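Visitor: Sequence:
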Amino acid sequence: MKQIFGYIVILCSIPLLLLIGSEVWVEIGEAKQYEQQIAESIELPEVVSTFPVNLYDANKVIFSEEYIEWSQPLPLNEIPEIVKQLFIYSEDENFYNHIGFDVSAIARAFIANTSEQSIQQGGSTITQQLVRMRYLSTDKTYERKLMELFYAYEIEKTYSKDEIFEMYLNEMYFSNQVYGIGAAATYYFNRPLTKLSVAEIAFIAAIPNSPTLYDPIQHFENTKNRQERLIDKLMEHGAITATEAIAYKEESIQLEVKQKTQQYPSYSTFVLQELKWLIADQTGYRELIDKTSDKMEKEILQLELQKKIDLILRQGINVYTALQPEKQRQDEIAINRILPNSDLQASATVIDNETREVISIFGGKDYKKHDLHRAYQAPRQPGSAFKPISVFAPYFETTTGTKYSSINGGPYCIGNFCPENYGRIWYNNVTVETAFKNSINTSALRIFNTVGVDTAFSYIDQFGFQSIVDKDRTFAAALGGLTYGVTSLEMADAYSSFIDGFYSPVRSIRKVTDLTGNVLYSWSRDREEIWSATTTKTMRDLLNATVTSGTARGLYSSSEYIGAKTGTTNAFKDYWIAGLTNDYTTAIWVGYDRPRSMESIESSKIHFSIFNAITD
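Position 613, counted from 1, in the sequence shown is what the UniProt record's numbering calls 613; the numbers after and before it change by one each time, with no gaps.
Think of the hints as simulated: they come from the structure by calculation, not from any bench. No incorrect hints appear here.
Cut-off 27 Å, straight-line C-alpha distance, at most; resulting in silico cross-link-like pairs (DSSO-like, lysine-lysine):
no., residue 1, residue 2
1, 471, 295
2, 60, 511
3, 369, 60
4, 161, 233
5, 276, 511
6, 84, 249
7, 224, 249
8, 327, 276
9, 233, 249
10, 224, 195
11, 511, 308
12, 161, 84
13, 291, 471
14, 276, 307
15, 307, 368
16, 276, 298
17, 327, 369
18, 471, 573
19, 369, 307
20, 368, 605
21, 369, 511
22, 60, 276
23, 368, 260
24, 295, 307
25, 258, 369
26, 276, 308
27, 573, 365
28, 308, 260
29, 224, 84
30, 224, 258
Listed next, with one range per pair, are the computed distances between beta-carbon atoms:
no., residue 1, residue 2, range
31, 304, 157, 29 to 39 Å
32, 59, 190, 18 to 28 Å
33, 416, 304, 38 to 48 Å
34, 522, 601, 42 to 52 Å
35, 291, 340, 39 to 49 Å
36, 341, 80, 51 to 61 Å
Values in this document were obtained by computation on a predicted structure and should not be read as measured data. Idealized CB from N, CA, C, for every residue including glycine.
The whole structure should be built from the sequences, with the hints applied where relevant.
Guide: Here's what the structure looks like:
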């Protein structure tokens, strides 16, 4: 009954198809008369190929390839003839004769689909398929299909048949983020296209027809079955003999799937984020975004910036970084080993003191790409670890006070802000050094009041604390009481000013070049003096005293110098250490993603163990 119904539909449709065909040819005739108007109304968008984004470590060795599978586009005359035959015979036998679309093929597809009661054939030419890949969606709507015809016709006017076929073969999707016949050869067989057998070429040629159904990694048998049908097509058209067809079908297909270099995801993820900051900075977008207070305008600028970043990434770049791979590997192993088998998390940032570069960064336990990167994406309250930046260094810089100056450690309130000391211990007059190394909160608040909120923040604002907001300009900031908090990256960045009193924002990226080596972007390495030599020496003395006889007792290093400050927030929800050795500046945070008390593990001093492991 279904067959009879199908034939009736076909017979009734023939006049309609003839009418459609005649109308199409009339339209084409008119289009030729008004070619200029058509050219102006159908403008082919610019297409940018996707090239590799390679990340290099400090030794100029690639440690991460951040791109879809890619190979240099192959000229048509370098593509084996059998490849061309496979796609012509299976996709578009009249390719070299039609004007972008094939009315007879559309009619055949209509008849086949009607008789089969399902969509079996699309009637799309190679040119139409290229249009979908480049310019349009794959939605099955009449509007999209009509636009596809116009674009296909325009492409045929703009490019030669060989140019269209070359673009098609180089831009087709072969599943698993693989684009182009050349990339498919190297990805699935780890050999160039010219080194593949006919059977292997037919195997990868089977994929684009339905990249999900014929994904050779997930559905090998599906791909093999279609490969054999393609081999039959070659035989039917006389490209190969029946004997050869049998041999090709029986040939064993052994995949050798290429594994991309994807090492150190904590570091590579951060590099890609810093790359966005670098482009924003040097294209002027960061300044524009920071200046505007209009929410909609800010969103528009951010969208424009993202488009520019995407364009740069698609064009292909090499990113040279400061990664020290062995240290990154050792730090990851050490921190993952130290953290208990629970949901306790950590972040850590290590800076090379000589270059002020990020040489190791830890985004979280067993970090995987696209996880929350706690070292730069998860600000937390810093507690007393913030005091050197907010209280003590500004105090020495703006007053005549010294580490031997006297300060009271008894109860103290400013308005309703009445902090307590650890263990609710009150002190009489103590030296500033004692207040620092024993982390006496009330003494720190008194010193902060002497300095003044505005003066203190005039120093804080010189560092890269992106999460600090205007409402943080209160006395609570003295003790690390901030709305959102800070990250280990930001803390290490600020503490690097205690190396020698000079500050330059810490970076992971050394330079960004195009694929031919031309430098596109690089950070300015100018340093600004933040702290005087006297203040710097005093702060280094205090940090060292904290390790030898204060709250950081238990830290050690083979370095001649070590200095650090600890931080513990209310209810033991965050543990911090930030400090320096002769070689490194390091900041570490330990806590739960959903803050809760860690009082039960306080005695284990996990953050101390991490500091010792990655700075020694």
